[in-house]
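**Q** Sequence:
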Amino acid sequence: MQMFKVSLYRRLKQLVRQERQILIASAVVTSAVILLRLIGILQSSELAAFDQLFHLRQLEALDERIVIVEINEKDIRQAKQWPIPDRDMAQLLQKLNSYQPRTIGLDIYRDLQVSPGREEFVKACQTIPNLIGIEKLKDQTTIGVAPPPVLSQQKQVGFNNVVIDPDGKLRRSLLYWHDGEVRQSLALKLALIYLKAEKITAKRAKTNPNYLQLNQSVFRPFQANDGGYVRGDTKGYQVLVNFRRPGSFRTVSMQDVLANRVNPNWIRDRVVNIGSTAPSLQDFFYNPYSNNLVGSAKPIAGVELHANFVSQILSSTLDGRPLINVWPEFGEWLWIFSWSLVGAGSIWRLRSPRRACLGLLFVGGALIGSCYLAFLAGWWLPLVPPLLALLGSAAVITSYLAHLKEELKRSKEFLQTVINTIPDPVFVKNKEHECIILNQAYCQFVGYPLETLMEKSDYDIFPKHEADVFWDEDELVFQTGQAQENEEELTDAFGTTYLIAPCCWHDVLKCH
Numbered sequence: 004m005q006m007f008k009v010s011l012y013r014r015l016k017q018l019v020r021q022e023r024q025i026l027i028a029s030a031v032v033t034s035a036v037i038l039l040r041l042i043g044i045l046q047s048s049e050l051a052a053f054d055q056l057f058h059l060r061q062l063e064a065l066d067e068r069i070v071i072v073e074i075n076e077k078d079i080r081q082a083k084q085w086p087i088p089d090r091d092m093a094q095l096l097q098k099l100n101s102y103q104p105r106t107i108g109l110d111i112y113r114d115l116q117v118s119p120g121r122e123e124f125v126k127a128c129q130t131i132p133n134l135i136g137i138e139k140l141k142d143q144t145t146i147g148v149a150p151p152p153v154l155s156q157q158k159q160v161g162f163n164n165v166v167i168d169p170d171g172k173l174r175r176s177l178l179y180w181h182d183g184e185v186r187q188s189l190a191l192k193l194a195l196i197y198l199k200a201e202k203i204t205a206k207r208a209k210t211n212p213n214y215l216q217l218n219q220s221v222f223r224p225f226q227a228n229d230g231g232y233v234r235g236d237t238k239g240y241q242v243l244v245n246f247r248r249p250g251s252f253r254t255v256s257m258q259d260v261l262a263n264r265v266n267p268n269w270i271r272d273r274v275v276n277i278g279s280t281a282p283s284l285q286d287f288f289y290n291p292y293s294n295n296l297v298g299s300a301k302p303i304a305g306v307e308l309h310a311n312f313v314s315q316i317l318s319s320t321l322d323g324r325p326l327i328n329v330w331p332e333f334g335e336w337l338w339i340f341s342w343s344l345v346g347a348g349s350i351w352r353l354r355s356p357r358r359a360c361l362g363l364l365f366v367g368g369a370l371i372g373s374c375y376l377a378f379l380a381g382w383w384l385p386l387v388p389p390l391l392a393l394l395g396s397a398a399v400i401t402s403y404l405a406h407l408k409e410e411l412k413r414s415k416e417f418l419q420t421v422i423n424t425i426p427d428p429v430f431v432k433n434k435e436h437e438c439i440i441l442n443q444a445y446c447q448f449v450g451y452p453l454e455t456l457m458e459k460s461d462y463d464i465f466p467k468h469e470a471d472v473f474w475d476e477d478e479l480v481f482q483t484g485q486a487q488e489n490e491e492e493l494t495d496a497f498g499t500t501y502l503i504a505p506c507c508w509h510d511v512l513k514c515h
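Residue numbers (this note's numbering): 4 to 515.
Bear in mind the hints are in silico, worked out from the structure with no lab data behind them. One thing to keep in mind: the hints can contain errors.
[Claimed, not checked] In the DSS-like style, the derived pairs of lysine-lysine whose C-alpha atoms are separated by at most 25 Å in a straight line are: (1) K172 to K238; (2) K83 to K172; (3) K172 to K202; (4) K415 to K459; (5) K141 to K126.
[As the list claims (entries may be wrong)] Ranges between beta-carbon positions, derived for each pair: (6) T210 to N263: 55 to 63 Å; (7) N263 to K206: 40 to 48 Å; (8) R234 to L261: 22 to 30 Å; (9) L361 to R271: 53 to 61 Å; (10) S373 to E201: 32 to 40 Å; (11) P356 to T237: 44 to 52 Å; (12) T494 to R23: 41 to 49 Å; (13) N263 to R207: 40 to 48 Å; (14) H181 to E67: 33 to 41 Å.
The C-beta atom is built at its ideal place from N, Cα and C for all residues, glycine as well.
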């Protein structure tokens with residue numbers, strides 16, 4: 004009697020090695036995702052994902068160092084004109100100065116005289132040394148707006164230019180601008196005055212002399228491909244802004260100040276930012292907290308925007324609140340490739356569609372959670388590209404496994420036709436030692452019907468001591484690929500025990 008045992012997996016292992024297929028699939032998908040990213044197709048989705056991380060963050064306490072004095076619609080009606088007359092503005096400045104703020108930012112253009120009260124306004128500007136006015140610097144797309152002449156003469160001016168992304172949102176702030184001379188932004192001017200009282204001054208960073216350092220905080224300038232940006236605008240000295248939620252600053256109205264309805268302690272030793280919040284003046288900007296997914300975008304006033312800029316500088320310098328940092332491009336590519344590997348490896352190992360779906364949900368959640376935790380620590384890690392790589396590599400491996408399954412099916416059909424022509428008992432086992440192909444000669448030899456033997460191991464058919472021997476012999480053949488020949492006992496379904504001498508090969512086992 005002869006028995007042939009064939010391993011289908013020998014052929015499959017010759018065609019593919021698990022690790023190599025996972026690496027190839029991951030590398031191809033990663034390359035495709037990185038290419039899409041470099042082209043700029045993913046920028047809008049990456050910025051949107053970045054915005055959502057802000058929404059997920061817990062509410063922070065008010066920044067008590069900054070107070071906003073708003074000029075709202077009611078204040079404009081009270082003044083009966085816009086711009087607010089110089090006299091009213093002078094009264095506001097003098098009243099605020101009497102409360103001893105550390106610095107005052109006038110985030111309103113005052114390049115022209117607004118009668119009545121020009122002399123009072125000029126006098127107020129001359130007698131308040133910590134007052135900073137604004138100017139708008141000319142660039143390629145907008146015309147400039149001159150600063151208040153009196154403040155310009157005293158060099159108490161900061162620019163209020165902003166950088167808006169293609170989707171209409173603002174995620175960066177300008178600290179410096181070079182147009183023949185170095186100019187500072189309103190926010191930086193106000194912050195430096197505040198920090199001077201804390202004995203903190205601007206200096207060159209030890210890590211890079213071109214970077215600004217305040218205390219232990221290094222303000223790394225924005226680069227064109229930082230985070231999800233692709234060839235972003237890098238004019239001036241920009242930094243990514245770690246925004247606070249809207250309403251994070253104490254806000255009082257102009258009329259509240261003039262009518263003595265403001266607690267002086269709210270103003271004393273604070274940064275005071277004066278600006279308009281009146282909807283009719285349209286001085287509003289969208290930021291990451293502006294949710295426009297369902298047509299309900301809520302912009303913030305320019306005065307609150309610049310308060311955020313000041314707050315970022317002060318909070319980072321004095322409290323260690325994280326700035327937004329990014330990895331170098333190569334590090335981001337490795338990050339994307341790593342998640343692509345995870346996606347491919349998960350599908351390869353789980354195989355079951357249900358388990359694979361659950362596994363992908365878990366891994367996807369781990370990716371989002373990792374990016375969120377990193378964001379809380381001040382790091383903007385890619386989220387959309389690795390998620391695409393994760394799903395893409397999973398899809399590629401799923402398709403590949405489906406192809407292997409079809410190949411296995413065809414191989415089984417082919418082998419079935421072959422072994423049915425052989426008069427000797429023949430069976431085929433998979434790597435789990437289960438019978439997956441049998442001929443009738445084998446069924447007659449062991450005394451069991453085909454249905455009983457299919458997808459069963461030796462332990463389901465033979466006595467344990469015989470099954471142990473068969474299992475060990477199978478393992479030795481699978482692992483070494485070397486022929487084996489030993490005498491063994493085999494008990495059939497009727498209790499008859501035979502002594503057989505199987506000759507085992509990796510692809511064929513022949514028993515006499």
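**Q** Next, verify each hint and record whether it holds.
**A** Here is what the structure says about each hint:
{"no.": "1", "hint": "K172 to K238", "result": "holds, 17 Å"}
{"no.": "2", "hint": "K83 to K172", "result": "violated, 33 Å"}
{"no.": "3", "hint": "K172 to K202", "result": "violated, 35 Å"}
{"no.": "4", "hint": "K415 to K459", "result": "holds, 16 Å"}
{"no.": "5", "hint": "K141 to K126", "result": "violated, 28 Å"}
{"no.": "6", "hint": "T210 to N263: 55 to 63 Å", "result": "violated, 49 Å"}
{"no.": "7", "hint": "N263 to K206: 40 to 48 Å", "result": "holds, 41 Å"}
{"no.": "8", "hint": "R234 to L261: 22 to 30 Å", "result": "violated, 48 Å"}
{"no.": "9", "hint": "L361 to R271: 53 to 61 Å", "result": "holds, 58 Å"}
{"no.": "10", "hint": "S373 to E201: 32 to 40 Å", "result": "holds, 36 Å"}
{"no.": "11", "hint": "P356 to T237: 44 to 52 Å", "result": "holds, 47 Å"}
{"no.": "12", "hint": "T494 to R23: 41 to 49 Å", "result": "holds, 43 Å"}
{"no.": "13", "hint": "N263 to R207: 40 to 48 Å", "result": "holds, 45 Å"}
{"no.": "14", "hint": "H181 to E67: 33 to 41 Å", "result": "holds, 34 Å"}
The structure is inconsistent with the numbered hints 2, 3, 5, 6 and 8, although it conforms to all the rest.
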